[in-house]
Amino acid sequence: MSWNSWTEFFHMGGYAFYVWGSYAVTAVLIAGEILLLRTHRRKALELVRRTVKYGKVGNNEETA
Amino acid sequence: MMNGFNWYKYASPATFYTLAGRLIPWFYGAAAVLCAAGLYIAFFLAPTDFQQSEAYRIIFIHVPAAWMSMFIYIVMAAWAAIGLAFNTRLSFMMASALAPTGAMLTFVSLWTGALWGKPTWGAWWVWDARLTSELILFFLYLGFMALQAAIDDPRRADRAGALIALVGVVNVPIIYFSVKWWNTLHQGASISMTKAPSMAAIMLEGMLVMALAAWMYAIAAALSRVRSIILERERNSQWVAQMMEAEA
Amino acid sequence: MLQIVNVVLRRELILAMRRRGDVLTVLFFFVIVASLFPLGVGPDPKLLRLMGGGVVWVSALLAAMLSLGRLFASDYADGTLEQLILTPTPPVVWITGKILAHWLVSGVPLILVAPILGVQFGLSGEALLVLVVSLLLGTPVLSLIGAIGAALTLGLRGGGVLVSLLVLPLYIPVLIFGAGAVDGAMSGLGAEAHLSLLGSILILAFILTPWAVSAALRISIE
Numbered sequence: 005m006s007w008n009s010w011t012e013f014f015h016m017g018g019y020a021f022y023v024w025g026s027y028a029v030t031a032v033l034i035a036g037e038i039l040l041l042r043t044h045r046r047k048a049l050e051l052v053r054r055t056v057k058y059g060k061v062g063n064n065e066e067t068a
Numbered sequence: 038m039m040n041g042f043n044w045y046k047y048a049s050p051a052t053f054y055t056l057a058g059r060l061i062p063w064f065y066g067a068a069a070v071l072c073a074a075g076l077y078i079a080f081f082l083a084p085t086d087f088q089q090s091e092a093y094r095i096i097f098i099h100v101p102a103a104w105m106s107m108f109i110y111i112v113m114a115a116w117a118a119i120g121l122a123f124n125t126r127l128s129f130m131m132a133s134a135l136a137p138t139g140a141m142l143t144f145v146s147l148w149t150g151a152l153w154g155k156p157t158w159g160a161w162w163v164w165d166a167r168l169t170s171e172l173i174l175f176f177l178y179l180g181f182m183a184l185q186a187a188i189d190d191p192r193r194a195d196r197a198g199a200l201i202a203l204v205g206v207v208n209v210p211i212i213y214f215s216v217k218w219w220n221t222l223h224q225g226a227s228i229s230m231t232k233a234p235s236m237a238a239i240m241l242e243g244m245l246v247m248a249l250a251a252w253m254y255a256i257a258a259a260l261s262r263v264r265s266i267i268l269e270r271e272r273n274s275q276w277v278a279q280m281m282e283a284e285a
Numbered sequence: 008m009l010q011i012v013n014v015v016l017r018r019e020l021i022l023a024m025r026r027r028g029d030v031l032t033v034l035f036f037f038v039i040v041a042s043l044f045p046l047g048v049g050p051d052p053k054l055l056r057l058m059g060g061g062v063v064w065v066s067a068l069l070a071a072m073l074s075l076g077r078l079f080a081s082d083y084a085d086g087t088l089e090q091l092i093l094t095p096t097p098p099v100v101w102i103t104g105k106i107l108a109h110w111l112v113s114g115v116p117l118i119l120v121a122p123i124l125g126v127q128f129g130l131s132g133e134a135l136l137v138l139v140v141s142l143l144l145g146t147p148v149l150s151l152i153g154a155i156g157a158a159l160t161l162g163l164r165g166g167g168v169l170v171s172l173l174v175l176p177l178y179i180p181v182l183i184f185g186a187g188a189v190d191g192a193m194s195g196l197g198a199e200a201h202l203s204l205l206g207s208i209l210i211l212a213f214i215l216t217p218w219a220v221s222a223a224l225r226i227s228i229e
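Protein chains in written order, with the working numbering: chain P, 5 to 68; chain Y, 38 to 285; chain Z, 8 to 229.
Source of the hints: derived by calculation from the structure; they are not laboratory data.
None of these values were measured; they are calculated from a predicted model.
Even for Gly, the Cβ is constructed at its ideal location relative to N, Cα and C.
Treat the hints with caution; some may be incorrect.
Unchecked claim - Under 8 Å between C-beta atoms, here's a sample of chain Z residues computed to sit facing chain Y:
(1) Gly165
(2) Leu169
(3) Leu173
Hey, can you work out the whole structure from these sequences and the hints?
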C-alpha cells in the first residue's frame, strides 16, 4: 500500500477528518495522561518532603 | 523458603517501589516501539478496504482500546480480589492505579467508535451492542473512581472500591448479554459490527500489535501511578524518609 | 433463621409506618416522573403506547433508588447497625430482612400504582398485566442491588448521587428485560422469555447480594 504523495496520505481518501480525528484525540489523551502522571508524582514528592520536614516520621503508615 | 523465591518480598511497598521504578522505562520503551510498528502496519502495509476505503483504518485504535478497556477492568477486579483475600495494601493500590488508564482507554474506544460510525453508518452514535456495553463499562469505571474519591480513610476506600469492582466484574457479562439481546430485538438499519470488513491477516496483525502496545503503555502508566500512590500513602514511614535523604 | 428475618422485617415495617410520609414521597416521585414524559415528548397516543413500558420502568427504577439512602442510614447514625453486626447470627439473615422490608415499603406501592400509569400511556390489558408481573419480578432486584450501593456509601458526603452512579449501571439488565417484557407483550412476540430472564436475575440477586451487602457493611462500619 504505497501512498503516491504525502498530501494523498493526509487526505486519507476523503476521510481525513475521521481518521486523523480519532488518532489525534487518542494521542492528546495519552500525552495528557502522561502529564497527569508526572504532576501526580511531583505532588506526591512534595507531600513527602513536607511530611519528612514537619510531620512526625514514625511507623504508622496509614494516616489518612 | 521452600520455593526459594519469596513473593511476599515484592508485596511490601518499599521493595516494589524500587522494582517498579526500574521497570517503567522498559515498558514505555516497548509501548513506543510496538506502537510505531503498529502504525506502520496500519497505514503502510494494510491495503485499502474495498468497502470503506480508508475510514476503516480507525479500527487499529478502536478495537485495541476496546479490548484493553475490558482487560484492564478484569485485571483491576483481580487485584481487588487479591487485596481482599490477602489483605495486601499494595494490591488495592494497583487496582486504584489501573482505573484512570482503563477509563481513558474506554473513552478512546467510544470516541474512535463514534468517528468510525459516522462514515460507515452515517451516525455518530449507534446503539450497537458492543458500543453500548462499552459506554456502561465507562460508567462502571467512573463509579469505582468516584467511590474511592468520596472516602477519606484510605483503608475503607480501598476495600469499598475493591467490592464495587468485584460486583461490577460479575455484572459485566450479564450487562453484555442483556444489551446484545436488547440490540438484536431492536435491530436498526445499521450493519452491526460483527460483519466487520473481511479480516485480512495483515489487519488482524496490525490490531494485535497495537493491542500489545496499549498493554505495555497501560502497565507503564499504572506502575508510575502506583509509585505516586505509594509515596502518598507511605509518607510517614521510615523508608520514605531515608529515601528522601539519600536523594537530597 | 426465618424467625430473625421476621423480627427484623416487622421492626422495619413499624419504623416505616411511623414516618409514612417517606412511602408517599417515593410514590409521588414515581407518578410525577412518569407523567413528565408525555409533556416532554408530546401527546401522540401511538408514540406514548410504544414508550409506555420503558417510561414506567425507568421511573420505577429512579423511584426505588431514591429511597435507598434510608435503608441503613438511620441505623448507622444511632449505632444499631454496629449492634446488629455484633449479633451471633450471620449478617446475611437480618440484611435480607431489611432489604425485604425496603422492597415492601418502596417496591410494592410502585407495583400497585403502575397499572394506572400504564393506562395513562394507553397500554392494553395484556401489556398492563405483563407490566405488573415484570415489576413484581424486577423491583426486588432493584432493592437487592441498591442495598450494596447504600451499604458502600454509608455516611459519605454526597452519598445520594454516588449511590446512583454506582448502582445504575447494574440496574441496566433489569431495565432491559423489564421494559422488553412489556414491549414483547404489546408487539405480540410474547414476554415469556423476558420474564423468565428477569426471574433468573431475581434468584441470582437474592442469593448473592446479601453476602455482598454484609461485606460492604463490614467495610463501612470498621
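Going down the list of hints, with the structure as the test:
1. Below 8 Å, beta-carbon pairs count as interface contacts, and Gly165/Z has one with chain Y at about 6 Å; its hint therefore holds.
2. With a cut of 8 Å, the hint placing Leu169/Z at the interface with chain Y holds, because the nearest CB-to-CB distance is about 5 Å.
3. Interface restraint check for Leu173/Z: the shortest CB-CB distance to chain Y comes to about 4 Å, inside 8 Å, so the restraint holds.
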